[in-house]
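Chains A and B, in that order, give the protein sequences. The first sequence lines up with residues 1 to 471 when you count with the working numbering. The second sequence lines up with residues 1 to 471 when you count with the working numbering.
These aren't lab readings, by the way, just hints derived from the structure by calculation.
Computed, partial: chain A to chain B, Cβ under 8 Å:
id	residue
1	71
2	75
3	85
4	124
5	209
6	211
7	212
8	240
9	243
10	439
11	441
Covered stretches of chain B, going by a simulated chain A footprint (3 or more residues, C-beta under 8 Å):
id	stretch
12	125-131
13	237-243
14	432-444
Calculated Cβ distances over 12 Å to all of chain A for the following chain B residues:
id	residue
15	45
16	51
17	97
18	105
19	138
20	177
21	221
22	353
23	377
24	385
25	427
Glycine included, C-beta positions come from ideal geometry on N, C-alpha and C.
Number of protein chains: 2
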Amino acid sequence: MPTRRQVLAAVTAMAAAPHRAVARGRPSQGAAGSAGARPGWVAPLEGDISRLVTASMGSTQGWDRLAELCDTFGGRLTGSRNLELAIEWAAETMRRDGLEHVRLQETKAPYWVRGAESLDIMTPVASPLVMLGLGGSVGTPPDGLTAPLMVVRSFDELRTRASEVTGRIVLYDVPFTSYGQTVTYRAAGPSQAARFGALATLVRSVGPMGLRTPHTGALTYQADLPRIPGAAIPVEDANRLARLVARGVPVTLRLRMAAQTLADADSANVIGEITGRERPDEVVLLGGHFDSWDPAGGASDDGVGCIVTWEAARLMKQLALRPRRTVRIVLFTNEENGLRGGLAYRDGFAADAAKHVMALESDIGVFEPMRLGFTGNDRARQMMADVVDLLRPLGFPPLGPGGGGADIGPIAQVGQVPTMALSGDTTQYFQIHHTPADTVERIAPREVAKAAAGIAAVAWAAAEMPEALPR
Amino acid sequence: MPTRRQVLAAVTAMAAAPHRAVARGRPSQGAAGSAGARPGWVAPLEGDISRLVTASMGSTQGWDRLAELCDTFGGRLTGSRNLELAIEWAAETMRRDGLEHVRLQETKAPYWVRGAESLDIMTPVASPLVMLGLGGSVGTPPDGLTAPLMVVRSFDELRTRASEVTGRIVLYDVPFTSYGQTVTYRAAGPSQAARFGALATLVRSVGPMGLRTPHTGALTYQADLPRIPGAAIPVEDANRLARLVARGVPVTLRLRMAAQTLADADSANVIGEITGRERPDEVVLLGGHFDSWDPAGGASDDGVGCIVTWEAARLMKQLALRPRRTVRIVLFTNEENGLRGGLAYRDGFAADAAKHVMALESDIGVFEPMRLGFTGNDRARQMMADVVDLLRPLGFPPLGPGGGGADIGPIAQVGQVPTMALSGDTTQYFQIHHTPADTVERIAPREVAKAAAGIAAVAWAAAEMPEALPR
Numbered sequence: 001m002p003t004r005r006q007v008l009a010a011v012t013a014m015a016a017a018p019h020r021a022v023a024r025g026r027p028s029q030g031a032a033g034s035a036g037a038r039p040g041w042v043a044p045l046e047g048d049i050s051r052l053v054t055a056s057m058g059s060t061q062g063w064d065r066l067a068e069l070c071d072t073f074g075g076r077l078t079g080s081r082n083l084e085l086a087i088e089w090a091a092e093t094m095r096r097d098g099l100e101h102v103r104l105q106e107t108k109a110p111y112w113v114r115g116a117e118s119l120d121i122m123t124p125v126a127s128p129l130v131m132l133g134l135g136g137s138v139g140t141p142p143d144g145l146t147a148p149l150m151v152v153r154s155f156d157e158l159r160t161r162a163s164e165v166t167g168r169i170v171l172y173d174v175p176f177t178s179y180g181q182t183v184t185y186r187a188a189g190p191s192q193a194a195r196f197g198a199l200a201t202l203v204r205s206v207g208p209m210g211l212r213t214p215h216t217g218a219l220t221y222q223a224d225l226p227r228i229p230g231a232a233i234p235v236e237d238a239n240r241l242a243r244l245v246a247r248g249v250p251v252t253l254r255l256r257m258a259a260q261t262l263a264d265a266d267s268a269n270v271i272g273e274i275t276g277r278e279r280p281d282e283v284v285l286l287g288g289h290f291d292s293w294d295p296a297g298g299a300s301d302d303g304v305g306c307i308v309t310w311e312a313a314r315l316m317k318q319l320a321l322r323p324r325r326t327v328r329i330v331l332f333t334n335e336e337n338g339l340r341g342g343l344a345y346r347d348g349f350a351a352d353a354a355k356h357v358m359a360l361e362s363d364i365g366v367f368e369p370m371r372l373g374f375t376g377n378d379r380a381r382q383m384m385a386d387v388v389d390l391l392r393p394l395g396f397p398p399l400g401p402g403g404g405g406a407d408i409g410p411i412a413q414v415g416q417v418p419t420m421a422l423s424g425d426t427t428q429y430f431q432i433h434h435t436p437a438d439t440v441e442r443i444a445p446r447e448v449a450k451a452a453a454g455i456a457a458v459a460w461a462a463a464e465m466p467e468a469l470p471r
Numbered sequence: 001m002p003t004r005r006q007v008l009a010a011v012t013a014m015a016a017a018p019h020r021a022v023a024r025g026r027p028s029q030g031a032a033g034s035a036g037a038r039p040g041w042v043a044p045l046e047g048d049i050s051r052l053v054t055a056s057m058g059s060t061q062g063w064d065r066l067a068e069l070c071d072t073f074g075g076r077l078t079g080s081r082n083l084e085l086a087i088e089w090a091a092e093t094m095r096r097d098g099l100e101h102v103r104l105q106e107t108k109a110p111y112w113v114r115g116a117e118s119l120d121i122m123t124p125v126a127s128p129l130v131m132l133g134l135g136g137s138v139g140t141p142p143d144g145l146t147a148p149l150m151v152v153r154s155f156d157e158l159r160t161r162a163s164e165v166t167g168r169i170v171l172y173d174v175p176f177t178s179y180g181q182t183v184t185y186r187a188a189g190p191s192q193a194a195r196f197g198a199l200a201t202l203v204r205s206v207g208p209m210g211l212r213t214p215h216t217g218a219l220t221y222q223a224d225l226p227r228i229p230g231a232a233i234p235v236e237d238a239n240r241l242a243r244l245v246a247r248g249v250p251v252t253l254r255l256r257m258a259a260q261t262l263a264d265a266d267s268a269n270v271i272g273e274i275t276g277r278e279r280p281d282e283v284v285l286l287g288g289h290f291d292s293w294d295p296a297g298g299a300s301d302d303g304v305g306c307i308v309t310w311e312a313a314r315l316m317k318q319l320a321l322r323p324r325r326t327v328r329i330v331l332f333t334n335e336e337n338g339l340r341g342g343l344a345y346r347d348g349f350a351a352d353a354a355k356h357v358m359a360l361e362s363d364i365g366v367f368e369p370m371r372l373g374f375t376g377n378d379r380a381r382q383m384m385a386d387v388v389d390l391l392r393p394l395g396f397p398p399l400g401p402g403g404g405g406a407d408i409g410p411i412a413q414v415g416q417v418p419t420m421a422l423s424g425d426t427t428q429y430f431q432i433h434h435t436p437a438d439t440v441e442r443i444a445p446r447e448v449a450k451a452a453a454g455i456a457a458v459a460w461a462a463a464e465m466p467e468a469l470p471r
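Let's have the full structure, built from the sequences with the hints guiding it.
Laid out in structure tokens, this is it:
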């Protein structure tokens, strides 16, 4: 990775480079880091982009703020006092930053509380296991559920052995491949096993093996099936249970969960802006989600996504840069277990959906190697690719596919909005997301600064370019 | 690492090599893996040693047995039913292996129970922390102790700021350097802070940062000072508290621990032997400790030490090898919080202490790179170094210093016994020992087989050599 000195040298050189004529070739195929031939519309932006990048890379403000958020408020599950206080802090801090029109967009949202919980082997020998209840799960009776264990490796095996399921606690011992492939056992597992009479389900954590690290996350009950409790256990605990059963040892477990879903809570998106100087009604939307699961402060999922998008606007304010269009930061609520923040934004801004010229979400961390992705038409993609090429000295690869995010999805769909995403390395991310280990220690200050720099650059370009991104 | 095929080829070649004349040079300075010149007394042992090594490296029995132990019984804290049942299982299994004079050596031992426990930030914003009470700690009142936090980085700082300590919960936020240097804050921290009026102490976990992984372990109260509760918190939680305090945020914590020490429990060492064919009263003592802390099955600390020493005897039995002297396996109880097993062994075998010709303990795991160490006089060291040179094809380095172990220490001291140790890589070991992550997943079957092979080789040599190791 380049040093700060190298980055500063690179961006200074970038700012000083003579502007080139438009080139319709694919700059992303050029030599990495070379100035290359750039289209003419980009040239007038380069100076301000280099100032934003320099300011971000020269500061640890983003990391410091992320640490302050996570240290002070801890886990920020929807409905918790932790999230409520963090929302107040964010709005106050945005105002202190000088962001404009800072406000809360209120919404009702699901309110699930974990309560006390435990999982124990009862036979052959009493021994506690590590576990985390799944978000949205029902609880057990106060004395818990005590039942024999059944281990399956797939839904196919569950169906094949359906006659054995009744009255059992089912463990889905499914090795992690990718999040997309494996998460279905966490989300749909309880209802699928309830169909055959299971009392509860456990899922081998959806992620690589950690250090006895359980991964929580939401389950989704099917409306026509009984609701049974669901919990995640670490890979090691799943292995242990599977080995016992493979040795022919009958295993009885006791699961106790005081989890419950209360009446919907009051929550809110936090919104702050840099109002556009020429077309204030046209909006570049940037954000992450401010809620997190409860076992940790949600540093990567998604405190850092909030902080780095917020930093993009703060840096513009700090440098007294006011773009042609409005840059709007939204810290969405309730992504983890309801998406009510994203839905409330869509509903509240539906009339202006088509005025959103670009929407960017950061919700896959900022672990290196990080990248920017885009979803939209080819001409818009090429324009943003030209901007991302300016970030090569920072180590950004050419613009990839895959814009969007859960929270910006609803408004983007209504407004046919071109979307972007900043994404970190997924291996590191899925190691710790939804676990007690999602802490700020794992994120380098430079990663935060770089992500903020990259977002500031593409946001500035989208907000400042003469004509809005084509859609 | 060599493949199993390479190892078999190497040990076969070793067994077939012509015997060499004695060489008084230092074979350990020769080319690694070369047959070198070996002293004449070693030659008659080489064939049987190669059979032991081949048998061990061709089997996963050690790993399988370790998994069975940890899976079935879980944490084996002294006094627990888990340890009691595991002791019965070990004795039965030794008998099934054909070990001789299998028996329990009973002893009373300290009986500490953890009970429910928790640590919460109360102000600025309520938020749970991860913690593990320290072994031997007193509990808190039922409602817990709620007090302001004070963070110190050393005992010096504690003394300098002694006037601030009264009525506080003190965190020793001391970065991990080595276990030996840092463990004093865990062991002595509570009494040192109690001296100045602290209500309780926390210690930054004595190990490298894991994934929010707390390290428990024993504390030691000073008799003339008040007994206050002590707990360990993960590095991340210590960082969080230290950062809050560094920002000038007053932090109040609530510590709840139902820990208590009950009347001494009945426990036992498990002993099994291969009785010597010529000098049955002369003993090669091999062992590890069978108790563990409660948060995990103690795979590395020290299930594996028990299994690999036990394997050495089992392999001799399997190959119908009966050495000149007795090989005695002892699975010691209560190493973690009392050492009563080692002391009971010393007391029970005091009259025979001088008949112990060598004692070996394995209690630092078997993570590669592993090594064998020796403590004794130069002539004995050279003899065992010559034996260890036979293990170079397996990847063992020349014999190092540092024989001994906590459990064999008492008898070795009484009998002036030459001692050995098998030790694994300490970085990996201290990452997980005393944590919930001390599971069998982290140990490779080949590491278990290799450790057992190495121990079988040196045990065979010490039990079979014509004259006992000089002391």
